[in-house]
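Colleague: These are the residues of each chain, in order.
Protein chains: 2
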Amino acid sequence: MARVAFQGERGAYGEMATLQYFSRANLAPKKSFQDVFDAAENGDADYIVVPVENSIEGSVSEIYDLLLQTKMSVIGEVYQRVRHCLIANRGAKKIKYVHSHPQALAQCRRYLQRKKLEPMPAYDTAGAVKMIKENKMLDSGAIASKRAAELYDMKILDEGIEDKKNNYTRFLVLSPKKVRSDLKAGHYKTSMIFSVKHVPGALFGIIGEFAIRRINLTKVESRPTKETPWEYNFYVDFEGHAQDRAVQNALKSIKPKTSYIKILGSYRKAKFH
Amino acid sequence: MARVAFQGERGAYGEMATLQYFSRANLAPKKSFQDVFDAAENGDADYIVVPVENSIEGSVSEIYDLLLQTKMSVIGEVYQRVRHCLIANRGAKKIKYVHSHPQALAQCRRYLQRKKLEPMPAYDTAGAVKMIKENKMLDSGAIASKRAAELYDMKILDEGIEDKKNNYTRFLVLSPKKVRSDLKAGHYKTSMIFSVKHVPGALFGIIGEFAIRRINLTKVESRPTKETPWEYNFYVDFEGHAQDRAVQNALKSIKPKTSYIKILGSYRKAKFH
Chain A
1 MARVAFQGER
11 GAYGEMATLQ
21 YFSRANLAPK
31 KSFQDVFDAA
41 ENGDADYIVV
51 PVENSIEGSV
61 SEIYDLLLQT
71 KMSVIGEVYQ
81 RVRHCLIANR
91 GAKKIKYVHS
101 HPQALAQCRR
111 YLQRKKLEPM
121 PAYDTAGAVK
131 MIKENKMLDS
141 GAIASKRAAE
151 LYDMKILDEG
161 IEDKKNNYTR
171 FLVLSPKKVR
181 SDLKAGHYKT
191 SMIFSVKHVP
201 GALFGIIGEF
211 AIRRINLTKV
221 ESRPTKETPW
231 EYNFYVDFEG
241 HAQDRAVQNA
251 LKSIKPKTSY
261 IKILGSYRKA
271 KFH
Chain B
1 MARVAFQGER
11 GAYGEMATLQ
21 YFSRANLAPK
31 KSFQDVFDAA
41 ENGDADYIVV
51 PVENSIEGSV
61 SEIYDLLLQT
71 KMSVIGEVYQ
81 RVRHCLIANR
91 GAKKIKYVHS
101 HPQALAQCRR
111 YLQRKKLEPM
121 PAYDTAGAVK
131 MIKENKMLDS
141 GAIASKRAAE
151 LYDMKILDEG
161 IEDKKNNYTR
171 FLVLSPKKVR
181 SDLKAGHYKT
191 SMIFSVKHVP
201 GALFGIIGEF
211 AIRRINLTKV
221 ESRPTKETPW
231 EYNFYVDFEG
241 HAQDRAVQNA
251 LKSIKPKTSY
261 IKILGSYRKA
271 KFH
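Taken in sequence, the protein lines are chains A and B.
Letter by letter, the first sequence follows residues 1 to 273 of the working numbering.
Letter by letter, the second sequence follows residues 1 to 273 of the working numbering.
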């Protein structure tokens, strides 16, 4: 069975995304995103599943920085619905405090205010459930997935407590091995990184190579190069496979306009909704 | 004297940026970015100074979300060098713990590892200095600006401890009042927000209106609309004033291609370095 690393404790949204993609897997929870990448690069995991973007919070910048450095390939994507539950110990009294990752607390801010519950920042969502269980905290709840409640055998006090319901996270699946994809099997997406020379219209010239070939860009993201202030690497996702003729022509035309270019991988487009 | 709100305690980098822009000001430190925007919108401050981007960490997404909602205008920009100090109480013994904002701790990660110091997350940089002082913590240090050490009369153990020296933050200055700018006085930049209709090449079409007029884009950033997943607002900074003829023509051509457009303001370009 494939060994798959994700960030967080058992029951994290990353675990749910992993099981959505692999159905069965040897799950390897890791403390940090760096640990997740290290696991695959050291041969301790065959695949990794990492969040790149949330529909409310936007891009996960740390992952973009790790994608720049990695030698792995992107081989797939998964959309995971984020549906938060208020979870407590079975013998819990009146809840006063609610522990979770600061982002999850922020996403349930209006709910917590309405119920007069005090938010307490924690290392991660499922980890907060584990903590209130291990410390038998009867005046505290935790915000995490339904799966986390079930795994730790805890009580669900409320479900779907997030302020905005359109809450989804897009995860990428990476592998240290190049995976040959069957071009006939469905629609593809490709992820790439490039930086442009410091001239007016350079980004325009590059986006133009896609536009004139009717290649649809689904995401454009910029991150500082960290070497020279206010110079950026651009991260682009587009529809199509790196082996498609139109894509190959676009990439050929783009190359002389960039100072750095890296194709992260082509992968089957995931269904959304 | 103008009342200017910024985020953090006295001695925060936001305060340094404020004093760089205003020289003299009635300083109004605020706990959160939301509080900073509220202060000006409620009439408690005449101006606000907020970080939009760091040369290492990238964009401050919370500020971009607040810029979307605000009715204020951007009237200026400032670059502030981020130079971290290790700060302690005057009677401090051997330091074991170092308190600061998680981002400052991350920016000094290699230094802390080398010195075998344990990082402890805190609410903000200058606030960590205040905390170790008020609690007379003799085994703890804090990471903050030199100004914070001076304001709280603390000892500087080490200076310039950040792992990367190219560490600058760009701040924007906003005002609830429209400020008429003298077009002859120096070079200008304009900040705007738009969203595009969901068609291939829409972003390209818009960037093209700038490119054909040789208007240089200095920053392109995208943020989720939060209404429809995977739809984005784009934040663009470009060189030129909204009253310039070329810019006016570009904006006129762009309008029918967008589903939303807002000019945040034109302001004198700040010197960098």
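These are computed hints drawn from the structure, not numbers from a lab.
For clarity, every value in this text was computed on a predicted model and none was experimentally measured.
Do not take every clue at face value.
Cβ pair distances, simulated, as ranges [unchecked claim]: (1) A:S61 <-> B:E231: 17 to 23 Å; (2) B:M1 <-> A:K31: 21 to 27 Å; (3) A:V179 <-> B:Q248: 47 to 53 Å; (4) B:D35 <-> A:S259: 38 to 44 Å; (5) A:K255 <-> B:K71: 57 to 63 Å; (6) A:E231 <-> B:D163: 16 to 22 Å; (7) B:P121 <-> A:E231: 26 to 32 Å.
Not close to chain A: a few residues of chain B, all C-beta gaps over 10 Å, as computed [to be verified]: (8) R3; (9) F22; (10) E41; (11) I56; (12) S61; (13) L112; (14) E159; (15) K164; (16) L203; (17) I207; (18) N216; (19) V220; (20) P224; (21) S259; (22) F272.
Pairs of lysine to any residue residues, derived as SDA-like cross-links and limited to a Cα-Cα distance of at most 20 Å, are as follows [what the hints assert, rightly or not]: (23) B:K257 <-> B:K271; (24) A:K197 <-> B:E239; (25) B:K257 <-> A:I212; (26) B:K164 <-> A:L117; (27) A:K219 <-> B:I156; (28) B:K257 <-> A:K226; (29) A:K262 <-> A:L117; (30) A:K219 <-> B:T258; (31) A:K226 <-> B:S61; (32) A:K262 <-> A:E150; (33) A:K96 <-> A:L117; (34) A:K197 <-> B:K146; (35) A:K257 <-> B:K257; (36) B:K164 <-> A:K219; (37) A:K219 <-> B:R24; (38) B:K257 <-> A:K96; (39) B:K146 <-> B:R214.
Glycine included, every Cβ here is placed at the ideal spot set by N, Cα and C.
Colleague: Does each hint fit the structure? Answer for all of them.
Modeller: Here's how the hints hold up against the structure:
Judged by the Cβ atoms, the range 17 to 23 Å given for S61 of chain A and E231 of chain B holds: they are separated by roughly 20 Å. Separation of M1 of chain B from K31 of chain A is about 49 Å and departs from the stated range, judged on CB atoms against 21 to 27 Å. A hinted range of 47 to 53 Å holds for the C-beta pair V179 of chain A and Q248 of chain B, which are about 51 Å apart. Roughly 41 Å separates the CB atoms of D35 of chain B and S259 of chain A, a value that falls within the hinted 38 to 44 Å.
With their beta carbons about 45 Å apart, K255 of chain A and K71 of chain B fall outside the hinted range of 57 to 63 Å. Here the CB-CB span from E231 of chain A to D163 of chain B is close to 18 Å, well matched to the stated 16 to 22 Å. Between P121 of chain B and E231 of chain A, the C-beta spacing of about 30 Å keeps the proposed range 26 to 32 Å intact. Every C-beta of chain A lies more than 10 Å from that of R3 of chain B, the closest at about 28 Å, which supports listing it as non-interface.
Remark: the non-interface label on F22 of chain B is consistent with the geometry, its nearest Cβ contact in chain A lying 23 Å away (cut-off 10 Å). The non-interface label for E41 of chain B is consistent with chain A: the shortest C-beta to C-beta separation is roughly 19 Å, beyond 10 Å. A beta-carbon of chain A comes within 10 Å of the beta-carbon of I56 of chain B; the shortest separation is about 5 Å. Listed as outside the interface, S61 of chain B is inconsistent with that label: its C-beta sits roughly 5 Å from the nearest C-beta of chain A, within the 10 Å cut-off.
Its beta-carbon lying about 15 Å from the closest one in chain A, L112 of chain B satisfies the requirement of being farther than 10 Å from that chain. With 10 Å as the threshold on Cβ separation, the claim that E159 of chain B sits away from chain A holds: the shortest Cβ distance comes to roughly 20 Å. With a least CB separation of 6 Å from chain A, K164 of chain B falls inside the 10 Å interface cut-off, contrary to its annotation. Not every C-beta of chain A lies more than 10 Å from that of L203 of chain B, the closest at about 7 Å, which undercuts listing it as non-interface.
Here I207 of chain B does not stay apart from chain A, with its beta-carbon only about 5 Å from theirs, under the 10 Å limit. Consistency note on N216 of chain B: stated as away from chain A, yet its beta-carbon is not over 10 Å from all of that chain's, at 4 Å minimum. At roughly 6 Å from the closest C-beta of chain A, the C-beta of V220 of chain B falls inside 10 Å, breaking its exclusion from the interface. Its beta-carbon lying about 5 Å from the closest one in chain A, P224 of chain B breaks the requirement of being farther than 10 Å from that chain.
Listed as outside the interface, S259 of chain B is consistent with that label: its C-beta sits roughly 17 Å from the nearest C-beta of chain A, beyond the 10 Å cut-off. Not every CB of chain A lies more than 10 Å from the CB of F272 of chain B, the least distance being 7 Å, so the non-interface label is violated. With a CA separation close to 33 Å, the supplied pair K257 of chain B and K271 of chain B exceeds the 20 Å bound. For the suggested pair K197 of chain A and E239 of chain B, the alpha carbons sit about 17 Å apart, so the restraint of at most 20 Å is met.
Restraint check: the Cα-Cα separation between K257 of chain B and I212 of chain A comes to about 17 Å, which is no more than 20 Å; the hinted pair holds. Our distance criterion of 20 Å between C-alpha atoms is broken by K164 of chain B and L117 of chain A, whose separation comes to about 40 Å. Taken as a hint, the K219 of chain A and I156 of chain B pair is broken in the structure, with Cα atoms around 45 Å apart against an allowance of 20 Å. For the given pair, K257 of chain B sits about 34 Å from K226 of chain A by alpha-carbon distance, which is inconsistent with the 20 Å threshold.
For the given pair, K262 of chain A sits about 47 Å from L117 of chain A by alpha-carbon distance, which is inconsistent with the 20 Å threshold. With a C-alpha separation of about 17 Å, the suggested pair K219 of chain A and T258 of chain B falls inside the 20 Å cut-off, and the hint holds. Of the pairs offered as hints, the one joining K226 of chain A and S61 of chain B holds, with about 18 Å between alpha carbons and a cut-off of 20 Å not exceeded. Between K262 of chain A and E150 of chain A the CA atoms are separated by roughly 41 Å; this puts the pair beyond 20 Å, and the hint is violated.
Restraint check for K96 of chain A and L117 of chain A: the C-alpha separation of about 5 Å stays at or below 20 Å, so the hint holds. For the proposed pair K197 of chain A and K146 of chain B, the alpha carbon gap of about 36 Å is over 20 Å, so the pair is violated. A C-alpha spacing of about 26 Å is found between K257 of chain A and K257 of chain B, which places the hinted pair above 20 Å, so the restraint is violated. At roughly 29 Å between alpha-carbon atoms, K164 of chain B and K219 of chain A are farther apart than 20 Å, so this suggested pair is violated.
Proximity of K219 of chain A to R24 of chain B is assessed by CA-CA distance (about 43 Å); at most 20 Å being required, the pair is judged violated. For the hint pairing K257 of chain B with K96 of chain A, the CA-to-CA distance comes to about 50 Å; that exceeds 20 Å, so the pair is violated. A hinted pair counts as satisfied when its Cα atoms are at most 20 Å apart, and K146 of chain B with R214 of chain B does not qualify at roughly 42 Å.
Hint violations for this structure: numbers 2, 5, 11, 12, 15, 16, 17, 18, 19, 20, 22, 23, 26, 27, 28, 29, 32, 34, 35, 36, 37, 38 and 39, all remaining hints satisfied.
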